[in-house]
Amino acid sequence: MSRLQNTLAELKAAGRAALIPYITAGDPDIDTTLDLMHELVAAGADVIELGVPFSDPMADGPTIQLAYERALKHGVGLRDVLALVARFRARDNRTPVVLMGYMNPIEYMGYETFVNASVEAGIDGVLVVDLPPEECETLTGMLHERELDTIFLLTPTTSDERARAICAHSSGYVYYVSIKGVTGANTLDVDNVKHHVERLRQATELPIAVGFGIKTAADAAAVSRVADGVIVGSALVNIIAQAADRPAVEITSQVSALLSDMRNGMDAA
Amino acid sequence: MTEQRDYHQGPDLRGHFGIHGGRFASETLMNALEELSDIYGRLKDDPQFQAEFDHDLAHYVGRPSPLYLAERLTEKWGGAEVWLKREDLNHTGAHKINNTIGQALLAKHVGKRRVIAETGAGQHGVASATVAARLGLECVVYMGAEDVERQKLNVYRMKLLGAEVVPVTSGTRTLKDAMNEAMRDWVTNVDDTYYIIGTVAGPHPYPMLVRDFQSIIGRETRRQLQAQAGALPDALVACVGGGSNAIGLFYEFLNDPSVAIYGVEAGGLGVETGQHAAPLTAGRPGILHGNRTYLMADDNGQILGTHSVSAGLDYPGVGPEHSWLKDEGRANYVSVTDDEAMAAFRELTRIEGIMPALETAHALAYAKKLAPQMGVGKRIVVNLSGRGDKDVHTVARMDGMDI
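Here the protein sequences line up with chains Y and S, keeping their order. The first sequence lines up with residues 1 to 269 when you count with the UniProt record's numbering. The second sequence lines up with residues 1 to 403 when you count with the UniProt record's numbering.
Honestly, the hints are just simulated from the structure, not real lab data. Worth double-checking, as some hints may not be accurate.
Taking CB as the label site, the calculated pair distances span [said to hold, decoys possible]: (1) H144(Y) / D6(S): 35 to 45 Å; (2) D327(S) / E145(Y): 27 to 37 Å; (3) D189(Y) / D38(S): 22 to 32 Å; (4) D245(Y) / D38(S): 46 to 56 Å; (5) H144(Y) / A58(S): 46 to 56 Å; (6) R134(S) / P247(Y): 51 to 61 Å; (7) N192(Y) / D38(S): 20 to 30 Å; (8) K369(S) / R87(Y): 52 to 62 Å; (9) D189(Y) / D6(S): 44 to 54 Å; (10) A282(S) / E145(Y): 44 to 54 Å; (11) D189(Y) / K108(S): 27 to 37 Å; (12) M142(Y) / D12(S): 19 to 29 Å; (13) L160(S) / M142(Y): 47 to 57 Å; (14) M1(Y) / D327(S): 56 to 66 Å.
Derived BS3-like pairs (lysine-lysine); straight-line CA-CA distance at most 30 Å [unchecked claim]: (15) K112(S) / K194(Y); (16) K112(S) / K180(Y); (17) K108(S) / K180(Y); (18) K76(S) / K112(S); (19) K12(Y) / K180(Y); (20) K180(Y) / K159(S).
Idealized CB from N, CA, C, for every residue including glycine.
Modelling step: build the complete structure from the supplied sequences, incorporating the hints.
As structure tokens, this is what we get:
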């Protein structure tokens, strides 16, 4: 069982939902991201999703676009992100890290190089926004061979038939996108999420984590009652954006304050 | 003798042209793309749909567009005959309308009341706003902020037609960023919105259906040259940004081995300077905007900013079928610089009284090199993909005038 699968199985046994924060690697710089990762774990993160900066983030709203731009100003690329995770692993060998990003950086690095480097750096899972199951077989095959998990998105427009096909390629968890739209959009309808999560339970036994639109501790608590994991991205990245010019310690303390609120809200739920 | 390849088999069922193409899109869009594939699959061979399309092309667009022998240009260049396929004479002034007419029919069939489009030079935006006005659909056009500035005339035309033009300020503020923003809109509004992609790129089935709608250009060309000269062309030349006018001309002739094919990319300040928009000439395959194709990107896979004097060619990718034709060696992809294109713009204007779009001028600049090499007795067809009215103020600025 992979580190990610193990973590989620333990949480399930304890009856707790996973708290999965997303931040963009290199936003506002690599060293701050490293501090942030440790702080997120201290504040209650169970898994970290780490965004790989890309010049053309088609599926992201303005918040994540700007985070990518802040990282790209320092030229942060996939190699830097892998090196960052290797540094993180020097102090934390327990918290799973999932890379989230777009296909072209992986295409340009080459699949074999990417998979080997990911294993070496201590990556646990990979989520590629613009890689649907129809196109994924070569890459997911290589990732599974090295026991890396592959996470796919499911959305309100995903049919039951597609959901089954997607889940067949998935491992670790599946990521249910709570809305039609890009990251950072602001409507969360928990009843609707509950309905879709129950629908997806028919397609998979994997843990179902929910993201998009979760902004507050109350949102996190509400979603934790209906799903196995709560993913929070833009709300954290907005804090980084507002504090980007401040000392790193201010950024990390503000971000971890929101995350602990969420953790407390979820644990009380 | 080697067996004749059939270049009309692509794409496969999942949209692949060799290693290129495919459907690399967000999950939210996959249902809409599958639905579009299904509906197009049914309609493409439906005589009633084809009749409706042909009727609109004849009576609204004004097809067939003429195939014109440019005698003075031929004489001046001293070699092969230069024939111009006059797509500039279509309604709205470019080949783009062929595709938007077809896609508007599809939008009608899928019952969407809102259409969106991306545009570079504004020609596709104008063609989209035009069909939206005609069908009473709401229309939003995404355009890079830099392009909004350099194509003011087309921006105003779109507004007059009732479209909302949204300037895109992210990234490099050009065509690729407009396409990103259109994709984001589509993900958000997929229930009531049809996305009219303007070129032979994007996720399957777009490269195929845009090609099919544009391939009328080549079919007419074959018939017209046969009627006027009793011959096949010896060479075809067209500019390539995303590549829709080029594939429109080329597709009909892919299985005629005697017809040489040249796609002309924007060499900008020169391919060696890095300031260009020539992914087939200088890029490598990667994934952008839903398909695998040749791209301009750095070692990290970040898409590079492009440069061209013409907004319509200022794009770091290219339609996947062109990437495949390059890999297959069936078509040749070359580039010409901004300066060469500008010279060709002026030359056609003065010699033939036809003012081409700056995009189109790239094809002419290459034909000028090709004509003397091919020699007298040969025939080149250049796709005169659009008219140059929209570029007049850009040219005036180069002449030091502000109009």
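Hint check results:
As the Cβ distance of H144(Y) to D6(S) is approximately 37 Å, the hint placing it in 35 to 45 Å holds. Roughly 28 Å separates the CB atoms of D327(S) and E145(Y), a value that falls within the hinted 27 to 37 Å. About 29 Å separates the C-beta atoms of D189(Y) and D38(S), a value consistent with the hinted range of 22 to 32 Å. A beta carbon spacing of about 51 Å between D245(Y) and D38(S) agrees with the range 46 to 56 Å that was offered as a hint.
At roughly 55 Å, the beta-carbon separation of H144(Y) and A58(S) lies within the given 46 to 56 Å, and the hint holds. With their beta carbons about 58 Å apart, R134(S) and P247(Y) fall inside the hinted range of 51 to 61 Å. A beta carbon spacing of about 27 Å between N192(Y) and D38(S) agrees with the range 20 to 30 Å that was offered as a hint. The hint said 52 to 62 Å for the Cβ distance between K369(S) and R87(Y), and at roughly 54 Å that hint holds.
Between D189(Y) and D6(S), the C-beta spacing of about 51 Å keeps the proposed range 44 to 54 Å intact. Range check, A282(S) to E145(Y): Cβ separation about 35 Å, and the 44 to 54 Å hint is violated. A hinted range of 27 to 37 Å for the beta carbons of D189(Y) and K108(S) is consistent with their spacing of about 31 Å. Taken as a hint, the range 19 to 29 Å holds for the pair M142(Y) and D12(S), whose Cβ atoms sit roughly 23 Å apart.
Checked against the hint of 47 to 57 Å, the C-beta distance between L160(S) and M142(Y) comes to roughly 53 Å, which is consistent with it. Remark: the range hint 56 to 66 Å for M1(Y) to D327(S) is contradicted by a beta-carbon distance near 43 Å. A hinted pair counts as satisfied when its Cα atoms are at most 30 Å apart, and K112(S) with K194(Y) qualifies at roughly 29 Å. Note on K112(S) and K180(Y): the hinted pairing holds, with a Cα-Cα distance of about 17 Å set against a maximum of 30 Å.
Restraint check for K108(S) and K180(Y): satisfied, since their Cα atoms lie roughly 22 Å apart, inside the 30 Å limit. For the hint linking K76(S) to K112(S), the alpha-carbon distance of about 51 Å lies beyond 30 Å, and the restraint is violated. Our distance criterion of 30 Å between C-alpha atoms is met by K12(Y) and K180(Y), whose separation comes to about 28 Å. Between K180(Y) and K159(S) the CA atoms are separated by roughly 28 Å; this keeps the pair inside 30 Å, and the hint holds.
When the structure is compared with the earlier hints, violations turn up for hints 10, 14, 18 and for no others.
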